[in-house]
Amino acid sequence: MDELEQRLTNVLTKVSERADPAAARLRNPATSPRRAASRFSVGGQRTTWLVAVASSVAVAAVAVGIALGIPQMSRHTSPSASTGPAVPTAPARGTTDGTHPLWALGVTEKYAQTFDQLDPGPAVTVPVPYTVDPQLVPELTKVPTLVTKAGQITFPGSTAVHLLGQRDAGVFIAVTGAGGGDGLHDVDFQLVAANNTRRTLQHAAAASSVAVSPGGTMLAWSTWLGKDSQHGEPAVELVDVASGRVTHRLAGRFTQVAWASDTALVLGGSSAEATSLAWRAPWTGKGEQIPVRAGSAMTVAGGMVALDDTTGCLQKLDANAIVTAANCGGWSAAGHVSPDGRKVSLEWASGSTKQYGVLDLARGQVRSWPVPGMNPSWLGPADVLLTEADADDTPRTARCDLTTDTCVRAPDEISEGVWRGAAWIGS
Amino acid sequence: MRVETRAGVNVAGDTPEDARVTFTGFFHDSGRQLVRLAYLLVGDLGDAEDVAQEVLEELYRRWAEVRPETALAYARTAVVNRSRGLLRRRAVARRFAPRLAQPEQAGPAPLEDRWLWDLVQRLPRRQREVVVLRYWCDLAEADIAQVLSISTGTVKSSAHRAHARLAAALAERNGGIIQVEKGAR
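Heads up: the protein sequence lines correspond to chains A and B, in order. Following this note's numbering, the numbering of the first sequence begins with 1 at its first residue and continues without gaps. Following this note's numbering, the numbering of the second sequence begins with 1001 at its first residue and continues without gaps.
Just chain A, with the same shape it has in the complex:
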């Protein structure tokens, strides 16, 4: 066995051992009834999390805390906002890499931003904030560094600094203290103002899938509630940026969050079972489970849209996450909202083939892309760059100007625009 094979065997063995906590939760079908969403059960009870969250999420969260004896629950629910430079977290070894959930946020932002430099290749123009990973560019710095227009901030003793999003209030970052694993550990969520002063918003022992609301007034992340993250129950936490308080704690796994002016729509469920549940979480007050069937949801101009991929209906939701209209065009997937929040990319079936295009939410019209299987990347409200999703080696690209309704496919083919009606039923 050569060096590579030896190292492969070792790394696969070590990675596989991480699945042991999940293996411990397996139920023997021969001795127990069919499992009912056991990962969502609260405090080891067989009653599912639906019951726990349906009546009152806040009450359920407290109950979970009491049942599990979670020390960090009280810490999370108390205000932790502070002013001035943040204190770096404890030193620990770790890595940052392009597969981390946080990095993926870079491409889900509505506006193109430069996020962490995953390789030292392309130059970054200040003042766009960016971070420097010491492991990738060791000659430049020995500690994680955030570069802003006001200068550099270094984080000695921390593993990494992650850019979460840039809003009017400043740059949201996550500073991690402990390395290893697939999520963030020992995380300080901070807000960096224009003059590089920092405020710690919250601390979490473990978090992943962090999202910043479009207005920068709320954060959401996934965490695990329990004495340690190895055996805890999954939960979603929503944090009010102004007060630094955890305003909602929703039991269950977190798949997506969409934001309206004063409400968050949180989707949870099991991707393996293709199930989904929705909570309405107003900025203030209690969260509640709402009867919205949705596999995915997006923030758009004036509210949110949610796709029920079982019926193929795109639903329009108002600021209170109430469905006001539906567009049932047999859509199988939706996403990639234009920067102005007025267009959403779509996938649908036409016979045995898949079609890809964009829906103009206001006009109620859908336009198919010139080349199948394109991934849209918005360059402006009506300017979109398409890259073939499934190409292996040399993906084709095209660029569409939706103002003139023309698409140019590399190298020089021009596709005429084809809009067709996609009516909304409702307001």
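Any given hint could turn out to be false.
Claimed, not checked - To give an idea of the chain B side of the interface with chain A (calculated C-beta under 7 Å), a few residues:
{"no.": "1", "residue": "Phe1023"}
{"no.": "2", "residue": "Ser1030"}
{"no.": "3", "residue": "Arg1036"}
{"no.": "4", "residue": "Tyr1039"}
{"no.": "5", "residue": "Gln1053"}
{"no.": "6", "residue": "Arg1088"}
These are calculated hints, taken from the structure and not from any lab test. All C-beta atoms in this analysis are idealised placements derived from N, C-alpha and C, irrespective of residue type, glycine included.
Chain B: place on chain A using the hints.
What follows is chain B alone, placed relative to chain A:
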């Protein structure tokens, strides 16, 4: 493989209670291994748990039809197939909906060869399956071919491509010195 059943007793003479006992033995012996295999293929603890649980439930329903000596191979194949379906659905979701990633359970410790695991995760699906079955399950090429329902030749070529890709990355990390033994795959 199929064993006809009659009135709850199969031709091997197993009563439902016997089946429960033998399945429980299999569950204890192999359940963890199936979750680990699923995790290596899908890279998410929750999904791995789902995949393994569903496979075990399906296997229990068909336990009377499965020979105990082939049960593990059957379960491995089911895990691979369900993982494929899950990855396919996940790819569609990633392509068209800006979903946030599923929360991952915290890892116990930093991984020494994290870069290598990252590379394995980025291998094409079939190459990754072959690598996991070869280097973690320690299966022979013929067994891998059976689990993946492909020819032995395809297993060999997939393993060769994966090995070449990973060896190149290792050589790059070692400063351009390829330390793969002569004649190795």
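Structure-based check of all given hints:
1. Look at B/Phe1023: its Cβ gets to within about 5 Å of chain A, closer than 7 Å, so that hint holds up.
2. Taking 7 Å as the C-beta cut-off, the interface hint given for B/Ser1030 is violated, the closest approach to chain A being about 10 Å.
3. At a threshold of 7 Å, the smallest CB-CB gap from B/Arg1036 to chain A is about 4 Å, leaving the interface hint in force.
4. Hint on B/Tyr1039 holds. Least Cβ distance to chain A is approximately 4 Å, under the 7 Å limit.
5. Against a cut-off of 7 Å between C-beta atoms, the interface hint on B/Gln1053 holds, since the closest Cβ of chain A lies about 6 Å away.
6. Given the 7 Å rule on beta carbons, the hint for B/Arg1088 is violated: about 12 Å separates it from the nearest Cβ of chain A.
Of the numbered hints stated above, those contradicted by the structure are hints 2 and 6, listed in ascending order.
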